[in-house]
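Peer 1: Now for the letters of each chain:
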Amino acid sequence: MTRIDTAISDIDVLDRLAAGVSPIHRLDPRAKLIVTVLFLLTVVSYRKYEVAELTPLFLYLAVLLALGRVPVLVIARYLLLACPFAVLVAVFNPLIDRQIIAQLGPLAVSGGWMSFVSILIRFVLTVSAVLLLLACTGYVTVCAALDKLGVPRLLIMQFLMLYRFIFILADEASRMLRAHSLRSPDGRGTSLRVWGSLAGNLLLRAYDRGVRVHTAMLARGFDGKFRPLPGFHWSIADSLFVVGSSAFLILVRHGQLATRMGRWALELSA
Amino acid sequence: MSHHIVEVKNLEYCYADGTTALRGVSFRIEHGESVGVVGENGAGKSTLLLHLNGCLLATKGEVRVGDIPVMRETLRQIRRSVGTVFQDPNDQLFMPTVGEDVAFGPLNMHLSPDGVESRVHGALDTVNALHLRSRPPHRLSGGEKRAVAIATVLSMSPDILVLDEPSAGLDPQARRRLISLLSGFKHTKIVASHDLDMILDLCRRTIVMHQGAVVADGPTAALLSDRNLLAKSGLELPLGVQNCPVCGASPSASAIPQI
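Chains A and B, in that order, are what the protein sequence lines are. For what it's worth, our numbering labels the leading residue of the first sequence as 1, then goes sequentially. For what it's worth, our numbering labels the leading residue of the second sequence as 271, then goes sequentially.
Worth double-checking, as some hints may not be accurate.
[Stated by the list, open to error] Cross-link-like lysine to any residue pairs, in silico, SDA-like; alpha carbons within 25 Å at most:
#1 Lys148(A) to Ser404(B)
#2 Lys225(A) to Leu146(A)
#3 Lys225(A) to Arg342(B)
#4 Lys148(A) to Asn378(B)
#5 Lys279(B) to Asp487(B)
Calculated directly from the structure, the hints in this document are not laboratory data.
Taking the hints into account, I'd like the entire structure generated from these sequences.
Peer 2: This is how it looks when you write it as structure tokens:
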């Protein structure tokens with residue numbers, strides 16, 4: 001629990017980074033959001049055995065990382081936290097798909113292993129891209145950009161509320177667990193029955209909290225419409241960023257950038 | 271200035287589970303008055319406060335704010351003139367940053383961006399919290415949260431301030447700062463609290479509630495030094511009125527506000 005605790009209270013590490021100053025931070029959040037979505041679409045558009053073709057996309061992340069002055073370790077920590085999910089998705093591929101499709105020297109590589117690696121690479125690419133977006137923009141600003149781009153307000157409201165109340169919920173959960181552990185000194189694990197009642201209690205508390213928050217919102221004139229603060233400014237730099245990044249993504253996707261770079265490297269060394 | 275008056279007539283309220291929370295509550299609060307509402311847990315204080323801004327609607331009886339009866343149709347106007355600060359600031363602060371939270375009310379009032387900005391700035395300045403503007407609420411201390419919660423209401427420039435347990439959970443100095451902040455406000459104030467010493471400092475008039483009914487309504491200094499009344503209502507004498515616990519000397523006359 002403590003580890004989940006720290007992970008949650010650490011979520012705003014990204015927000016603290018977002019308060020920084022860099023060429024990437026200065027871009028219009030909408031531009032960054034559009035490019036990130038294009039990037040994600042590019043990553044998922046590859047076929048399942050393609051591995052080498054994905055690699056030039058790391059260049060894009062590296063450039064953002066450097067220009068946005070985001071510490072690699074922060075991104076790596078979150079990747080590590082999320083990686084069990086990706087591994088779980090990919091782990092059965094090598095067992096199911098045993099057909100040999102490539103020969104790496106003496107090593108015969110099956111399709112399953114290729115797709116396994118491909119899934120992990122995609123996981124690293126997509127999650128890092130989103131983390132970088134958050135670290136250079138901030139969660140709330142990303143939500144505001146989504147709003148400006150026409151995502152339904154109700155959904156955005158939910159995103160914002162989630163972000164506000166996950167801390168309070170985590171806090172409440174950890175206090176309940178602490179109270180439980182202080183009264184079960186023999187230290188044996190929590191029984192299923194107790195877990196059930198803890199979880200149920202937490203749900204009830206969350207529900208009560210929801211009612212109280214809604215009351216507080218109504219008291220301040222909430223009429224079902226959510227009005228975020230205005231204030232974005234689209235400049236030429238933003239257009240350039242979107243056009244440049246799109247051109248790079250198209251080049252990677254349709255110009256066999258990986259193969260060309262490989263050939264070029266071979267020629268250089270020859 | 272009749273619109274700063276709060277009038278409650280024979281108010282009754284039953285919760286959905288059948289519990290009667292208010293029985294025939296009546297009072298009238300004039301413009302600029304500062305009134306304390308005291309009573310034991312479950313006396314009906316919070317339920318009463320929720321009626322003043324229409325979060326609950328009377329089962330029987332009537333609540334009027336100024337010339338307007340509190341009804342479903344008048345909620346918009348009522349909530350503009352009555353600002354409520356709830357007991358738990360975590361319920362009040364629901365936006366991701368302090369600045370956005372304070373802007374929430376003014377934005378709902380359809381003010382211009384400049385208008386919203388000046389309201390936010392003014393409200394945060396009043397509670398000395400301008401430096402917290404871009405902070406997320408979960409990173410604030412209890413006292414800061416309370417101050418910001420008050421700012422979220424001030425930014426709507428209400429005529430009447432309703433506060434539920436404003437000093438709960440504050441350390442002594444934060445509590446003192448809150449009291450001096452509140453005593454500087456010219457609004458009509460209605461303060462529900464168990465902190466009788468704060469009521470003594472802040473309110474000239476007090477309403478004592480017991481089991482959903484008003485058992486006394488009068489000058490604070492008189493009611494809060496009435497040992498029998500307080501004991502019957504599940505309360506006890508405020509420290510400021512009790513004899514000194516060390517030497518037994520009675521409090522100096524200056525401790526009790528002159529009415």
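Peer 1: None of the hints should be skipped; say for each whether it holds.
Peer 2: Results of checking the hints against the structure:
no.: 1; hint: Lys148(A) to Ser404(B); in the structure: 21 Å, holds
no.: 2; hint: Lys225(A) to Leu146(A); in the structure: 16 Å, holds
no.: 3; hint: Lys225(A) to Arg342(B); in the structure: 18 Å, holds
no.: 4; hint: Lys148(A) to Asn378(B); in the structure: 18 Å, holds
no.: 5; hint: Lys279(B) to Asp487(B); in the structure: 14 Å, holds
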